[in-house]
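Position chain B against the provided structure of chain A, taking the given hints into account.
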Amino acid sequence: MKTLGNKNISWLAFASLVAITFIAACDKDDPQPMVVSGDLMDIPYSPQTYTIIKPANFPEIPIPANNPMTVDGVQLGRRLFYDPILSADSTMSCSSCHLPQGNFTDNKAVSTGIDGIAGRRSSMALLNLAYVLPQDGYFWDGRAKTLEDQALLPVEDPIEMHNTWPNVVEKLKKHANYPSLFRKAFGINDRTEITKELAAKALAQFERILVSSGKSKFDEFVGGNFDAFDDEEIDGKLMFFDEGQFYNLPDAQCFHCHGGITLTGGKFFNNGLDSVGSLDEFKDLGRFKVTGIESDKGKFRAPTMRNIALTAPYMHDGRFQTLEQVMDQYSDNGYGVVNEGAFLNQIGFPNGDGTYTGLTPYQKKAIVKFLNTLTDTTFVKNPDIQNPF
Amino acid sequence: MKKITLLLALSCFAFLSSCGDHDHEPVGVNFDITFKATFDGVQLEKNKDVQFGSIPLFVEACRMYLSDITLLNGSKETRLSEIEYLDFTPGNATFATPTITFKNVPEGEYTGIRIGYGVKPTLNAKAPSDFPAGHPLSVEVDYWSGWDSYIFTTLDGKADPENDGTKNLSLAYHCGSDAVYKTFEFDLPIHVHEGQAGARVTFDMKKFLTLADGSLYDIVANPATSNSASNVIVAQALTANFGRATTVEQ
Numbered sequence: 001m002k003t004l005g006n007k008n009i010s011w012l013a014f015a016s017l018v019a020i021t022f023i024a025a026c027d028k029d030d031p032q033p034m035v036v037s038g039d040l041m042d043i044p045y046s047p048q049t050y051t052i053i054k055p056a057n058f059p060e061i062p063i064p065a066n067n068p069m070t071v072d073g074v075q076l077g078r079r080l081f082y083d084p085i086l087s088a089d090s091t092m093s094c095s096s097c098h099l100p101q102g103n104f105t106d107n108k109a110v111s112t113g114i115d116g117i118a119g120r121r122s123s124m125a126l127l128n129l130a131y132v133l134p135q136d137g138y139f140w141d142g143r144a145k146t147l148e149d150q151a152l153l154p155v156e157d158p159i160e161m162h163n164t165w166p167n168v169v170e171k172l173k174k175h176a177n178y179p180s181l182f183r184k185a186f187g188i189n190d191r192t193e194i195t196k197e198l199a200a201k202a203l204a205q206f207e208r209i210l211v212s213s214g215k216s217k218f219d220e221f222v223g224g225n226f227d228a229f230d231d232e233e234i235d236g237k238l239m240f241f242d243e244g245q246f247y248n249l250p251d252a253q254c255f256h257c258h259g260g261i262t263l264t265g266g267k268f269f270n271n272g273l274d275s276v277g278s279l280d281e282f283k284d285l286g287r288f289k290v291t292g293i294e295s296d297k298g299k300f301r302a303p304t305m306r307n308i309a310l311t312a313p314y315m316h317d318g319r320f321q322t323l324e325q326v327m328d329q330y331s332d333n334g335y336g337v338v339n340e341g342a343f344l345n346q347i348g349f350p351n352g353d354g355t356y357t358g359l360t361p362y363q364k365k366a367i368v369k370f371l372n373t374l375t376d377t378t379f380v381k382n383p384d385i386q387n388p389f
Numbered sequence: 001m002k003k004i005t006l007l008l009a010l011s012c013f014a015f016l017s018s019c020g021d022h023d024h025e026p027v028g029v030n031f032d033i034t035f036k037a038t039f040d041g042v043q044l045e046k047n048k049d050v051q052f053g054s055i056p057l058f059v060e061a062c063r064m065y066l067s068d069i070t071l072l073n074g075s076k077e078t079r080l081s082e083i084e085y086l087d088f089t090p091g092n093a094t095f096a097t098p099t100i101t102f103k104n105v106p107e108g109e110y111t112g113i114r115i116g117y118g119v120k121p122t123l124n125a126k127a128p129s130d131f132p133a134g135h136p137l138s139v140e141v142d143y144w145s146g147w148d149s150y151i152f153t154t155l156d157g158k159a160d161p162e163n164d165g166t167k168n169l170s171l172a173y174h175c176g177s178d179a180v181y182k183t184f185e186f187d188l189p190i191h192v193h194e195g196q197a198g199a200r201v202t203f204d205m206k207k208f209l210t211l212a213d214g215s216l217y218d219i220v221a222n223p224a225t226s227n228s229a230s231n232v233i234v235a236q237a238l239t240a241n242f243g244r245a246t247t248v249e250q
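Line order of the protein sequences matches chains A and B. To convert, note that position 194 of the first sequence is 194 in my numbering; the numbers rise steadily by one, no gaps. To convert, note that position 133 of the second sequence is 133 in my numbering; the numbers rise steadily by one, no gaps.
Only chain A is shown next, with the shape it has when bound in the complex (with noise of 0.2 angstroms):
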């Protein structure tokens, strides 16, 4: 059998090219380009493992086996995340509501989408998503089981990015750049080749690194230099992990719905927003749209609290326009719905009747503070996870 040699290799490549070109530029309808197989065979594969840069403290990060970390395949994904050509009408990308500046939030009470048309739930942050566990799941709702599968959703939102991934992947066989990009990322031979599961595995990709830098104020602290946190901010941290007994400081149980290195569990909670009669008189059902469980009306998930100065306003709806006005809102214990979080009523001292007192005006102000020392603006300026265009 004979085979090709790399020049005629080369030559078939650049034939079939152009007549891509070609025709794609006749026929800006036709739906399905000509393409000779292999049209990208010329184009070197040659996949590096990337590694995530974490902080040290931070737990091991989980990658699935289906779709390994690649160089390329980073790369690829940072410029589909900021490419408009994901809408219907190219308006639109997913960084329209996930700015780095914002945490990778639009700073929004609810987004927009390309018929503006204003959807129902903020935007969320986009920051250590590497860590939530399979059985907790991504968005406010928990709907989409791994990062991979969440960022298929997006684009065919109808009140979102509004397009069909059949368009979106027709448009990127048809671009200039993006097969070839497929090819460095994922090995694909030609551009019928390139699918919409590759395009959100190399989404899942760049949202895997966005990683915390461990530069926070709130890092230095925990990392052994105390004198990182004034007295204001010690008071606040010990609240809200509740470790404020021997200093006569209530426990704002911040923790519980907030914990772990990356200060969130991944969990859902009613978290005591809504005084309703019913669960059913919640606006917004949450999670039990996911899980069915009745008892999961109004449950929503407990967002990181890394960063949370930069990802104003607040809520699965954006209720709250500062950090002050959330702590009002705890102080309160919440209204007593069956479902709230059961530590949402015991915020500030017992008064040994089975209430607790709330929080002074000195103990939020303490909290908030606190709060602002969680912001780590490494993160937000890091180059490698800029718009790329």
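Calculated directly from the structure, the hints in this document are not laboratory data. Ideal Cβ placement from N, Cα and C applies to all residues, glycine included.
Chain B stretches covered by chain A per the calculated footprint, using a threshold of three residues with CB under 8 angstroms from any CB of chain A: (1) 87 to 94; (2) 128 to 136; (3) 163 to 169.
Showing chain B alone in chain A's frame:
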């Protein structure tokens, strides 16, 4: 030549002897243990009303660590696992009855099982970042820096002590720290053979809240464990009940 022949003969003998030794090694089999949480003998379900004396309540979360699960046979011990994490109220279901398959367990007859309730001190000295992803001790939500300890047992819920239809008493029993770690042994014949049914371990969480004299724990006076690592009286009192709250069957 004679020497070479002798050497070859000795080598063959040594080789055959070593093969024979291997043949006599015990062969391990898979052994399953299914874990279940109940409340007063009934399957424990998230947010399902149960009765605790005169007080209606429901459980929202029930999780626990177990250390050094070990099969016993006289003085011989076979450790099945160093650490396990059980979540009986996972995020996507009202309850779970996890089954763990322990591999390569020596076949034979055993006389009992020992279970460590919590994270044993040598492991509890570490933190989630010390363990690889997927390891039971990499779970951050059940580690508390305030104690420098894992939360060994979590039992959260809500109670209605006034019986007025409002569950306004939050229960939050989070037991942790080295002083709380406890082991119990359960005597029963356990058969480990190929094709043999596994064991069932049931934790009755009402008995977890029941004292040695049979009286119910005063959940109104003590609805939560203390946050102080130096005051673990409630956590110790409750963990001590695990011996009576645990049933092992095969």
